[in-house]
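Peer 1: Sequence:
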Amino acid sequence: MAYLKNNDRNLAKVIEVVGECTLRPQKNHFESIIDAIISQQLSMRSAQSIFNRFLSYFNYKSFPEPVDILQTSDDTLKSIGLSRNKIVSIKDLSFKMLKGEIDLEVMDSLSDDEIIKILTRVKGIGVWTVHMFLIFSLFRLNVLPSEDLGIRKGIKKLYGLKKLPDSKKVIQVSKQNKWEPFNSVASWYIWRSLEINI
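The sequence shown runs 3 to 200 under this note's numbering.
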(Lines of atoms letter the chains of each structure in order from A and count residues from 1; the text may use other names and numbers.)
(Lines give C-alpha, C1' and ligand atoms only; values in the text may rest on other atoms or scores of the structure.)
Protein backbone atom coordinates (compact mmCIF):
# COMPACT_ATOMS: atom_id res chain seq x y z
CA MET A 1 0.00 0.00 0.00
CA ALA A 2 2.79 2.41 0.94
CA TYR A 3 4.68 1.64 -2.26
CA LEU A 4 1.64 2.29 -4.47
CA LYS A 5 0.66 5.44 -2.58
CA ASN A 6 4.17 6.86 -3.05
CA ASN A 7 4.18 6.15 -6.79
CA ASP A 8 0.62 6.95 -7.87
CA ARG A 9 -1.28 9.99 -6.57
CA ASN A 10 -4.57 8.84 -8.13
CA LEU A 11 -4.35 5.40 -6.57
CA ALA A 12 -3.30 6.96 -3.27
CA LYS A 13 -6.72 8.65 -3.07
CA VAL A 14 -8.46 5.30 -3.52
CA ILE A 15 -6.26 3.63 -0.90
CA GLU A 16 -7.05 6.38 1.59
CA VAL A 17 -10.81 5.84 1.17
CA VAL A 18 -10.89 2.04 0.82
CA GLY A 19 -8.26 1.18 3.42
CA GLU A 20 -6.33 -2.06 3.70
CA CYS A 21 -6.27 -4.49 0.79
CA THR A 22 -8.16 -7.63 1.82
CA LEU A 23 -6.69 -9.98 -0.78
CA ARG A 24 -5.64 -13.25 0.85
CA PRO A 25 -4.58 -16.65 -0.54
CA GLN A 26 -7.39 -19.22 -0.77
CA LYS A 27 -6.82 -22.88 0.10
CA ASN A 28 -9.43 -24.51 -2.17
CA HIS A 29 -8.03 -23.95 -5.66
CA PHE A 30 -10.79 -25.97 -7.33
CA GLU A 31 -13.45 -23.75 -5.77
CA SER A 32 -11.58 -20.62 -6.84
CA ILE A 33 -11.36 -21.71 -10.48
CA ILE A 34 -15.04 -22.71 -10.57
CA ASP A 35 -15.87 -19.29 -9.11
CA ALA A 36 -13.76 -17.60 -11.80
CA ILE A 37 -15.47 -19.62 -14.57
CA ILE A 38 -18.91 -18.69 -13.25
CA SER A 39 -17.83 -15.02 -13.09
CA GLN A 40 -16.86 -14.84 -16.76
CA GLN A 41 -18.66 -11.93 -18.50
CA LEU A 42 -21.03 -11.36 -15.56
CA SER A 43 -21.44 -8.59 -13.02
CA MET A 44 -20.16 -9.39 -9.54
CA ARG A 45 -23.73 -9.52 -8.21
CA SER A 46 -24.99 -11.93 -10.90
CA ALA A 47 -21.93 -14.16 -10.56
CA GLN A 48 -22.27 -14.33 -6.78
CA SER A 49 -25.96 -15.22 -7.08
CA ILE A 50 -25.24 -18.14 -9.42
CA PHE A 51 -22.28 -19.29 -7.31
CA ASN A 52 -24.50 -19.32 -4.20
CA ARG A 53 -27.12 -21.42 -6.02
CA PHE A 54 -24.32 -23.77 -7.11
CA LEU A 55 -23.24 -24.24 -3.48
CA SER A 56 -26.83 -24.57 -2.32
CA TYR A 57 -27.56 -27.35 -4.81
CA PHE A 58 -24.69 -29.50 -3.59
CA ASN A 59 -25.57 -28.63 0.01
CA TYR A 60 -22.03 -29.29 1.16
CA LYS A 61 -20.22 -27.80 4.12
CA SER A 62 -17.14 -28.28 1.95
CA PHE A 63 -16.94 -27.65 -1.79
CA PRO A 64 -18.04 -30.52 -4.11
CA GLU A 65 -15.38 -32.76 -5.62
CA PRO A 66 -14.81 -33.09 -9.40
CA VAL A 67 -16.61 -36.47 -9.43
CA ASP A 68 -19.73 -34.86 -7.90
CA ILE A 69 -19.85 -32.27 -10.66
CA LEU A 70 -19.35 -34.86 -13.41
CA GLN A 71 -22.23 -36.91 -12.01
CA THR A 72 -24.57 -33.89 -12.12
CA SER A 73 -26.63 -33.56 -15.29
CA ASP A 74 -26.17 -30.62 -17.64
CA ASP A 75 -29.86 -29.76 -17.26
CA THR A 76 -29.47 -29.49 -13.49
CA LEU A 77 -26.46 -27.21 -13.81
CA LYS A 78 -28.31 -25.16 -16.40
CA SER A 79 -31.24 -24.73 -13.99
CA ILE A 80 -28.79 -23.25 -11.46
CA GLY A 81 -27.96 -20.55 -13.98
CA LEU A 82 -24.87 -21.86 -15.73
CA SER A 83 -24.59 -21.35 -19.47
CA ARG A 84 -23.84 -24.32 -21.72
CA ASN A 85 -20.29 -23.09 -22.31
CA LYS A 86 -19.62 -22.77 -18.58
CA ILE A 87 -21.01 -26.26 -17.94
CA VAL A 88 -18.62 -27.63 -20.58
CA SER A 89 -15.74 -25.74 -18.97
CA ILE A 90 -16.49 -26.85 -15.40
CA LYS A 91 -16.93 -30.47 -16.45
CA ASP A 92 -13.78 -30.45 -18.61
CA LEU A 93 -11.78 -29.12 -15.64
CA SER A 94 -13.28 -31.81 -13.39
CA PHE A 95 -12.55 -34.53 -15.97
CA LYS A 96 -8.92 -33.44 -16.46
CA MET A 97 -8.40 -33.37 -12.69
CA LEU A 98 -9.77 -36.90 -12.27
CA LYS A 99 -7.57 -38.14 -15.11
CA GLY A 100 -4.54 -36.57 -13.49
CA GLU A 101 -3.93 -34.14 -16.36
CA ILE A 102 -4.27 -31.20 -13.99
CA ASP A 103 -3.00 -31.21 -10.40
CA LEU A 104 -4.10 -28.11 -8.53
CA GLU A 105 -2.02 -29.11 -5.49
CA VAL A 106 1.22 -28.21 -7.28
CA MET A 107 0.07 -24.80 -8.53
CA ASP A 108 1.74 -22.91 -5.69
CA SER A 109 5.15 -24.10 -6.86
CA LEU A 110 4.67 -23.11 -10.53
CA SER A 111 5.29 -19.79 -12.28
CA ASP A 112 2.42 -17.62 -13.52
CA ASP A 113 3.23 -18.53 -17.13
CA GLU A 114 3.30 -22.26 -16.35
CA ILE A 115 -0.10 -22.03 -14.65
CA ILE A 116 -1.57 -20.10 -17.59
CA LYS A 117 -0.26 -22.76 -20.01
CA ILE A 118 -1.77 -25.62 -17.97
CA LEU A 119 -5.18 -24.15 -17.17
CA THR A 120 -5.88 -22.72 -20.63
CA ARG A 121 -5.93 -26.33 -21.88
CA VAL A 122 -9.35 -26.57 -20.24
CA LYS A 123 -12.22 -25.76 -22.60
CA GLY A 124 -13.53 -22.27 -21.94
CA ILE A 125 -10.69 -21.18 -19.68
CA GLY A 126 -8.78 -18.23 -21.09
CA VAL A 127 -6.10 -15.95 -19.72
CA TRP A 128 -8.65 -13.75 -17.87
CA THR A 129 -9.93 -16.71 -15.84
CA VAL A 130 -6.39 -17.77 -14.95
CA HIS A 131 -5.54 -14.19 -13.95
CA MET A 132 -8.48 -14.25 -11.51
CA PHE A 133 -7.17 -17.53 -10.08
CA LEU A 134 -3.64 -16.15 -9.75
CA ILE A 135 -4.87 -13.04 -7.94
CA PHE A 136 -7.72 -14.32 -5.78
CA SER A 137 -6.55 -17.85 -5.00
CA LEU A 138 -2.76 -17.93 -5.18
CA PHE A 139 -2.37 -14.27 -4.18
CA ARG A 140 0.29 -13.64 -6.81
CA LEU A 141 1.22 -10.01 -6.31
CA ASN A 142 2.20 -8.93 -9.81
CA VAL A 143 -0.69 -9.92 -12.11
CA LEU A 144 -2.26 -7.28 -14.37
CA PRO A 145 -5.58 -8.39 -15.93
CA SER A 146 -5.28 -5.79 -18.68
CA GLU A 147 -8.33 -6.99 -20.63
CA ASP A 148 -10.70 -6.99 -17.64
CA LEU A 149 -13.64 -4.63 -18.21
CA GLY A 150 -13.72 -3.49 -14.59
CA ILE A 151 -10.04 -2.58 -14.69
CA ARG A 152 -10.54 -0.67 -17.94
CA LYS A 153 -13.58 1.21 -16.56
CA GLY A 154 -11.77 1.99 -13.32
CA ILE A 155 -8.73 3.39 -15.13
CA LYS A 156 -10.93 5.49 -17.38
CA LYS A 157 -12.67 6.98 -14.33
CA LEU A 158 -9.62 7.38 -12.09
CA TYR A 159 -7.28 8.87 -14.67
CA GLY A 160 -9.84 10.98 -16.51
CA LEU A 161 -9.50 9.28 -19.88
CA LYS A 162 -11.88 10.26 -22.66
CA LYS A 163 -12.46 6.71 -23.84
CA LEU A 164 -12.26 3.20 -22.44
CA PRO A 165 -8.60 2.12 -22.54
CA ASP A 166 -7.57 -1.01 -24.42
CA SER A 167 -5.19 -3.62 -23.01
CA LYS A 168 -2.13 -1.79 -24.33
CA LYS A 169 -3.19 1.44 -22.59
CA VAL A 170 -3.82 -0.40 -19.30
CA ILE A 171 -0.27 -1.77 -19.40
CA GLN A 172 1.00 1.72 -20.18
CA VAL A 173 -0.83 3.21 -17.17
CA SER A 174 0.66 0.50 -14.96
CA LYS A 175 4.19 1.26 -16.16
CA GLN A 176 3.78 5.04 -15.94
CA ASN A 177 2.59 4.80 -12.35
CA LYS A 178 5.13 2.13 -11.35
CA TRP A 179 2.64 -0.46 -10.11
CA GLU A 180 5.11 -3.31 -10.59
CA PRO A 181 5.83 -5.47 -8.57
CA PHE A 182 2.33 -5.02 -7.08
CA ASN A 183 0.07 -5.03 -10.15
CA SER A 184 -2.41 -7.35 -8.41
CA VAL A 185 -2.84 -5.01 -5.45
CA ALA A 186 -3.13 -1.99 -7.75
CA SER A 187 -5.77 -3.87 -9.77
CA TRP A 188 -7.72 -4.65 -6.60
CA TYR A 189 -7.84 -0.95 -5.74
CA ILE A 190 -8.85 -0.10 -9.31
CA TRP A 191 -11.82 -2.47 -8.94
CA ARG A 192 -12.70 -0.91 -5.59
CA SER A 193 -12.51 2.59 -7.12
CA LEU A 194 -15.68 1.81 -9.09
CA GLU A 195 -17.60 1.50 -5.80
CA ILE A 196 -16.66 4.87 -4.31
CA ASN A 197 -16.90 8.55 -5.13
CA ILE A 198 -13.56 10.30 -5.41
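Rather than coming from a laboratory, the hints here were simulated on the basis of the structure.
Quick caveat, the model's predicted, so the values are computed rather than measured.
Among the clues, some could well be false.
Stated by the list, open to error - No more than 27 Å apart at the CA atoms, straight line, and that leaves these computed lysine-lysine pairs for DSSO-like: (1) 170 / 155; (2) 159 / 7; (3) 170 / 7; (4) 119 / 7; (5) 155 / 171; (6) 164 / 125; (7) 125 / 158; (8) 164 / 15; (9) 119 / 170; (10) 29 / 93; (11) 119 / 177; (12) 171 / 119; (13) 29 / 164; (14) 15 / 119; (15) 125 / 159; (16) 171 / 15; (17) 170 / 180; (18) 80 / 15; (19) 15 / 125; (20) 177 / 15; (21) 158 / 180; (22) 171 / 158; (23) 164 / 180; (24) 15 / 180; (25) 15 / 29; (26) 171 / 159; (27) 155 / 165; (28) 80 / 93; (29) 159 / 180.
Peer 1: Indicate, hint by hint, whether the structure satisfies it.
Peer 2: Tested hints:
1. 170 / 155: Holds: residue 170 and residue 155 sit about 14 Å apart, inside 27 Å.
2. 159 / 7: holds (18 Å)
3. 170 / 7: Distance of about 23 Å is within 27 Å: holds.
4. 119 / 7: Distance ~33 Å between residue 119 and residue 7 Cα, so the pair is violated.
5. 155 / 171: holds (12 Å)
6. 164 / 125: violated (36 Å)
7. 125 / 158: violated (32 Å)
8. 164 / 15: This hinted pair holds, its Cα atoms lying about 20 Å apart.
9. 119 / 170: holds (21 Å)
10. 29 / 93: Holds, because 21 Å separates the two Cα atoms, which is no more than 27 Å.
11. 119 / 177: Since the Cα atoms of residue 119 and residue 177 sit roughly 25 Å apart, the hinted pair holds (cutoff 27 Å).
12. 171 / 119: It holds: about 25 Å lies between the C-alpha atoms, which stays within 27 Å.
13. 29 / 164: violated (41 Å)
14. 15 / 119: violated (36 Å)
15. 125 / 159: violated (34 Å)
16. 171 / 15: Since the Cα atoms of residue 171 and residue 15 sit roughly 21 Å apart, the hinted pair holds (cutoff 27 Å).
17. 170 / 180: holds (15 Å)
18. 80 / 15: With Cα atoms ~42 Å apart, residue 80 and residue 15 exceed 27 Å; violated.
19. 15 / 125: Violated: residue 15 and residue 125 sit about 40 Å apart, past 27 Å.
20. 177 / 15: holds (19 Å)
21. 158 / 180: holds (17 Å)
22. 171 / 158: Judged against 27 Å, a Cα distance of about 10 Å means the pair holds.
23. 164 / 180: holds (22 Å)
24. 15 / 180: holds (16 Å)
25. 15 / 29: Since the Cα atoms of residue 15 and residue 29 sit roughly 32 Å apart, the hinted pair is violated (cutoff 27 Å).
26. 171 / 159: Judged against 27 Å, a Cα distance of about 14 Å means the pair holds.
27. 155 / 165: At roughly 9 Å apart (the allowed maximum being 27 Å), residue 165 and residue 155 satisfy the hint.
28. 80 / 93: Cα-Cα ~13 Å, so holds.
29. 159 / 180: holds (19 Å)
Violation of the numbered hints given earlier is confined to hints 4, 6, 7, 13, 14, 15, 18, 19 and 25; the remaining hints are satisfied by the structure.
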